[in-house]
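Novice: The residues making up each chain are set out below.
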Amino acid sequence: MLRNPNNSLSQIHRRIIERETLLREFTITDKHCSNILIDMLKVTFRTTSFTPNNAFMLDDGRIVLVVKIEESFNISYALCQQFKSMCNYFDNPCLSSSIGIFAVQNLINVEKVPLNRLKTKYFLIPNPDLSSFIAFPLIHDEQSIRCGQVSPK
Amino acid sequence: MNCNEIKFKIELENFVCDVPALSFIKYTKGHTGYSSCSHCDIEGEFISNRICYPGKLGSLRNDASFRAKTDIDHHNGTSYLELLSINMVENFPHDYMHLICLGVTRRLISFWMKGSLFKKYKLSSSQIVEISRRLVSLRGYVPREFARKPRGLHEMDRWKATELRQFLLYTGPFVLHHVLHDDLYNHFMTLHVAIRILCTHSLCKHKQLFEYAKNLLSHFVACFEILYGKQSVSYNVHGLLHLHKDCSKFGNLDEFSAFPFEII
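So the sequence lines, in the order shown, correspond to chains A and B. If you read the first sequence in the working numbering, its first letter stands for residue 1, the second for the next number, and so on. If you read the second sequence in the working numbering, its first letter stands for residue 1, the second for the next number, and so on.
Fair warning: there could be bad hints in the mix.
[To be verified] Calculated cross-link-like contacts (lysine to aspartate or glutamate; reagent style EDC-like; alpha-carbon spacing at most 20 Å):
no. : chain 1 : residue 1 : chain 2 : residue 2
1   : B       : Lys214    : A       : Asp91
2   : A       : Lys112    : A       : Asp59
3   : A       : Lys68     : A       : Asp129
4   : A       : Lys119    : B       : Glu145
[Claimed, not checked] Far from chain A, some chain B residues (derived; all Cβ distances over 12 Å):
no. : residue
5   : Ile6
6   : Glu11
7   : Ser110
8   : Gly115
The hints are simulated quantities; they were obtained by calculation from the structure and are not laboratory data. From the three backbone atoms N, C-alpha and C, an ideal C-beta is built for every residue, glycine too.
Model the full structure from these sequences, guided by the hints.
Specialist: Encoded structure:
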């Protein structure tokens with residue numbers, strides 16, 4: 001785990017996090033996926049074809065999982081699986097859909113969409129039975145990029 | 001300002017700082033004082049060895065009343081900032097990182113964890129373990145936009161502001177569901193929804209939702225007094241009542257938060 005004698009605790013923490021993250025990502029990979037990291041054209045968030053960085057809302061309001069990113073004729077496309085069922089996660093104090101929060105389940109067919117149609121990045125929290133997810137739109141990082149905390153690439 | 005013989009005009013938009021720094025630069029009473037609210041002239045009450053602000057808003061301060069020192073109890077002296085042509089009340093907004101994340105959210109969690117055994121809001125140790133288990137189970141699902149992965153509640157004293165923001169805006173509704181008492185959960189959800197609206201650029205511009213967030217925050221503060229006691233309505237909790245005014249002037253909460261200045 002340790003690569004040099006300095007900051008040993010930080011190194012151990014990083015190795016544990018790397019293992020957790022990498023293990024999850026490799027289980028999702030299939031032979032057609034490549035680890036492409038493409039910066040969005042309009043959206044400031046970055047996407048990969050691996051969970052947990054592949055959940056997005058399209059400009060038409062559907063929530064999708066990006067399974068592959070490819071380029072043809074100089075246009076970048078994302079192959080997406082759409083969540084068939086989208087309903088409110090809570091209805092008190094207001095309908096969760098009115099602030100962009102949904103309970104989603106049932107992934108269906110793969111669709112090819114241009115990358116610039118991906119509108120908002122989502123944080124998917126799995127329910128204990130793993131059959132459905134709670135989808136929260138990311139709302140904080142965009143601002144920190146604008147304020148200069150994170151440099152957009 | 002002159003730089004390479006080019007004149008630059010600099011305008012101060014606002015001062016972002018925590019409450020002790022705010023009282024230092026404005027030369028006013030600190031958050032433990034009776035007349036310390038920077039936005040209204042409410043007078044605090046001394047209950048259970050602390051100053052608290054139960055009840056509704058006092059009459060609002062403005063630049064003229066601040067400079068004229070109408071409420072003499074609020075001032076310690078005259079600040080040098082008064083020499084500048086700035087609004088001494090409106091240009092000093094409440095900072096969302098200190099007020100909500102490190103203030104109200106952390107206070108709520110500490111009530112649930114460390115409150116008196118006889119209080120309704122105190123969680124049992126098995127409930128705390130369950131919440132911690134749920135938080136840790138989410139570590140593999142956190143996108144790269146988050147600087148930190150969720151940690152268990154037993155490390156709550158060492159949680160950073162970003163972790164508290166993550167708890168309030170994302171993980172909280174899930175990990176507390178069916179663990180926290182319904183009244184307390186609904187109360188937490190009013191804060192969650194209100195802050196989500198005020199943090200989101202597009203929702204904050206929506207007139208009806210903005211008004212709704214304002215009402216939710218008023219409801220949250222009123223219920224805070226009922227659920228956690230009069231003595232729990234601290235400076236931070238009272239500050240929520242003024243948040244909408246800062247948002248209407250400067251935009252969403254992230255526009256004037258201290259997050260960009262912090263090492264996360």
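Novice: If a hint holds in the structure, say so; if it does not, say that too.
Specialist: Here is how each hint holds up against the structure:
1. In summary, the hint linking lysine 214 of chain B to aspartate 91 of chain A is supported, as the alpha carbons are separated by about 18 Å, within the 20 Å threshold.
2. Simply put, lysine 112 of chain A and aspartate 59 of chain A have alpha-carbon atoms about 14 Å apart, close enough for the 20 Å limit, and the pair holds.
3. Distance check on the hinted pair: lysine 68 of chain A and aspartate 129 of chain A sit about 26 Å apart at the alpha-carbon level, beyond 20 Å; violated.
4. With a CA separation close to 16 Å, the supplied pair lysine 119 of chain A and glutamate 145 of chain B stays within the 20 Å bound.
5. The Cβ of isoleucine 6 of chain B lies farther than 12 Å from every Cβ of chain A, with a closest approach of about 22 Å, so its non-interface assignment holds.
6. Interface exclusion of glutamate 11 of chain B from chain A stands, the closest Cβ pair being 17 Å apart, more than 12 Å.
7. Consistency note on serine 110 of chain B: stated as away from chain A, and its beta-carbon is indeed over 12 Å from all of that chain's, at 23 Å minimum.
8. The Cβ of glycine 115 of chain B sits about 24 Å from the closest Cβ of chain A, beyond the 12 Å cut-off, so the non-interface label holds.
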